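Student: These protein sequence lines map, in sequence, to chains P and V.
Under our numbering, the first residue of the first sequence carries the number 60, and numbering increases by one thereafter.
Under our numbering, the first residue of the second sequence carries the number 7, and numbering increases by one thereafter.
I should point out that these hints are in silico values taken from the structure, not numbers from a laboratory.
Do not rely on the hints blindly, as some may be mistaken.
Derived pair list, reagent style SDA-like, types lysine to any residue, alpha-carbon separation capped at 20 Å [claimed, not checked]:
id : chain 1 : residue 1 : chain 2 : residue 2
1  : V       : Lys318    : P       : Gly212
2  : P       : Lys206    : V       : Leu217
3  : P       : Lys170    : P       : Gly212
4  : P       : Lys285    : P       : Ser99
5  : V       : Lys216    : P       : Ser159
6  : P       : Lys170    : V       : Arg231
7  : P       : Lys206    : V       : Lys318
8  : P       : Lys170    : V       : Leu241
9  : V       : Lys216    : V       : Ser130
10 : V       : Lys318    : P       : Gln209
11 : P       : Lys229    : P       : Thr259
Using C-beta positions, here's what the derived DEER-type ranges look like [claimed, not checked]:
id : chain 1 : residue 1 : chain 2 : residue 2 : range
12 : P       : His208    : V       : Ile39     : 57 to 63 Å
13 : V       : Gly267    : P       : Arg180    : 57 to 63 Å
14 : P       : Gly115    : V       : Leu167    : 54 to 60 Å
15 : P       : Gly115    : V       : Asp218    : 36 to 42 Å
Examples of chain P residues toward chain V, derived with CB under 8 Å [stated by the list, open to error]:
id : residue
16 : Ala126
17 : Phe128
18 : Ala148
19 : Phe157
20 : Phe163
21 : Tyr174
22 : Gly175
23 : His178
24 : Arg226
All values reported here derive from a predicted model rather than from experimental measurement.
Glycine included, C-beta positions come from ideal geometry on N, C-alpha and C.
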Amino acid sequence: MRATAPAEPVRTSAADPAPFIRIDGVSKYFGTFRAVENVSLEIRKGEIFALLGGSGCGKTTLLRMLAGFEDPTKGRIFIDGQDMTGVPAYDRPVNMMFQSYALFPHMSVEKNVGYGLKHERMSDAERKDRVREMLELVQLSQFAHRKPHQISGGQRQRVALARALARQPKLLLLDEPLAALDKKLREHTQFELMDIQHKTGTTFIVVTHDQEEAMILSDRMAVMDKGEVRQVGSPTEIYEYPTNRFVAGFIGSINFAEATVASISGDLAEVEVPSFGGRMTARAVPGLAPGQALTLAVRPEKLAISRERPAAGNAVRGVVSDVGYFGKDSLYKVRLPSGAVLSAHSANARRAAEAERVATWEDEVWLCFDPTAAILLTG
Amino acid sequence: MTDTAEADAAPAARRGSGLARWFNRRGWADLTIATPYVWLTIFFLLPFMIVTAMSFASRTPTSPPFSFGVHDSFLNFENFARLFEDDLYRRAFLISIRNAALATLLCLLIGYPMALGLTRVSRSARNILLMLVILPFWTSFLLRVYAWMGLMGTNSWFNRLLTSIYNGLVPDDWAIRSIQMMHTNFAVVLVTVYSYLPFMILPLYANLEKLDLTLDEAAMDLGSRPFRVFLDVTLPLSIPGIIAGAMLVFIPACGELIIPGLVGNPSQPMIGRVISDEFSSARDWPMASAVSVALLFLMVGPMMLYSHFEAKAQEKKAMEP
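Modelling step: build the complete structure from the supplied sequences, incorporating the hints.
Tutor: Structural data, given as structure tokens:
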């Protein structure tokens, strides 16, 4: 597989296009319930790949199939070129960090971390060294002799990580790794996780329902809904170039408006947007035809708010119905004559007193956006 | 996580519901707590003190058949001396402990897989199977022992079946007419295991049911095959259940009167039988009391030691930073 890879210098881990893990048309049914439906994914060596979706979207089931706790109803999983069909969990080159951490309550931190090494062919000294190395990696050396109930939640999370990494798996699965931590600790741990992944070079698959977590952590991510993968891409691709309404709405906030294609010229399309009260220009997507109904979507931070009508770009007129002041930025809710309400985020780059701000309640304002900022969604 | 949960629980308890406040103010809570203590004092502690007092009395041909201060001193320690001197008591204790220990071990070996199985079946099947575990209690205990007597008797179909299987397996000149099962310690252990099995299964089930199955998955994920997972995770975490079940079987099995009385070897009496005989046929109430007191200390001793060490271990856990 490596031989067929283009001979380009390896810039980042994500630059190696040879699929390390291949999920090939995998489905999982529980009775009549379709937990995972025909999922195909290719994950590269050394990348952090996130499976993102709401509860019940099948992301955990997919993870459990990778770990070997569930067998796919259909399809196959290949890890490092090896077909995993029928390979039990204890024989897979995969380790998992459980959402509940699943630390053995009757074993010390050290024993927990060393548990997986019992089955490895190595001398006792090597085993001890590895455990020490792992505890150093997660900065828990001084807690080696404590039991799991004697350490904090954040420390437990790190024990779970050390235990899962101790066997040097080819693939590490992380089930909601940060869900049980409080906000402050979560932010800190996110970067720690990325740092550890960088140091060990292990391929990570992270399951999460938290879009920010997925965006920060992952090199690439798959957004799942009702057992299906709706889009795969880098965080930027997913955020800036969503291919369907579900993905656009799931990640971040967004304004949707129903639209009809009026004309296409080059890479720009004119669309009729009734709720905006006129025609808007947007960057065209392949396969558009005049008269086609679609959705126009604009992220709130891409809407510029001003009192005067801007010279160029798409502009919509409305009245400020609500202002939310967050400090670093403000959220404006603007009611259009059609009754539609658009959200616009504007950064508070200047220090300004309340009266000096761009707009306030009941002000008449213009919202303007660049054609490239408008997303046309056909799905 | 737990810290915040506890912190949340405390003010909730302080606020409390109106009902809880009324309950506490009127002293109902105190009464609820006091009831079992009062009950145990009247129906366990007082009788036990009477029995203990009686064990220091002497047997006299009076009614009731004992008096204090017959000999030189008011208290008579001879009953306890006899416990050690007379071979009858020592043997009875040993046989009781041996039979009970064997029955406990067998109950554990049979009950553990059953309890574990109960936790691994679907919820609806689990309820039916739990029901089946408890079902024998709906028939009189005595009746069930009589049923076993029928089965073990030399002319029963069961005995004949076992005999023919045995005869089929061994050379002809080893053939026997029937297997002697009745009036043996084997019969005592068999019927004890049968009778006390639910007392092993239920506490074990309660313990195993609470175990987190993701721990099993974690062990398997870390390379352990299913049996290894059992040895490393399930078994150590079920020790409290094993201890609870073993106590519930061992203690009553040790003092068991009916089973050895009906199916046991009359020349090898167990301790329950000895107590009963001393009370009724020998009318030696002080001696019977002495044996009872000795039995109680024999049973309670290990339990006290266990809870003492348990408390120490807990203390040590709490002391660690």
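Student: With reference to the structure, classify each hint as holding or not holding.
Tutor: Verification of the supplied hints:
1. V:Lys318 - P:Gly212: Status violated; Cα separation ~26 Å.
2. P:Lys206 - V:Leu217: holds (17 Å)
3. P:Lys170 - P:Gly212: holds (18 Å)
4. P:Lys285 - P:Ser99: The hint holds at about 15 Å.
5. V:Lys216 - P:Ser159: It holds: about 15 Å lies between the C-alpha atoms, which stays within 20 Å.
6. P:Lys170 - V:Arg231: holds (18 Å)
7. P:Lys206 - V:Lys318: Measuring from Cα to Cα gives roughly 17 Å; hence the hint holds.
8. P:Lys170 - V:Leu241: The given pair, whose Cα atoms are some 17 Å apart, holds under the 20 Å limit.
9. V:Lys216 - V:Ser130: Roughly 18 Å between the alpha carbons, so the hint for lysine 216 of chain V and serine 130 of chain V holds.
10. V:Lys318 - P:Gln209: holds (17 Å)
11. P:Lys229 - P:Thr259: holds (10 Å)
12. P:His208 - V:Ile39: 57 to 63 Å: violated (29 Å)
13. V:Gly267 - P:Arg180: 57 to 63 Å: Hint holds: Cβ distance 59 Å, inside 57 to 63 Å.
14. P:Gly115 - V:Leu167: 54 to 60 Å: Because 56 Å falls inside the window, the suggested range holds.
15. P:Gly115 - V:Asp218: 36 to 42 Å: The hinted range 36 to 42 Å is violated for glycine 115 of chain P and aspartate 218 of chain V, with Cβ atoms some 22 Å apart.
16. Ala126: holds (6 Å)
17. Phe128: holds (6 Å)
18. Ala148: Hint holds; alanine 148 of chain P Cβ to chain V Cβ min 5 Å, cut 8 Å.
19. Phe157: Since the shortest Cβ distance to chain V is 5 Å, the answer is holds.
20. Phe163: Holds. Min distance 6 Å.
21. Tyr174: holds (5 Å)
22. Gly175: Hint on glycine 175 of chain P: holds, closest Cβ of chain V at ~3 Å, below 8 Å.
23. His178: holds (4 Å)
24. Arg226: holds (7 Å)
Hints 1, 12 and 15, counting from the list given before, are not met by this structure.
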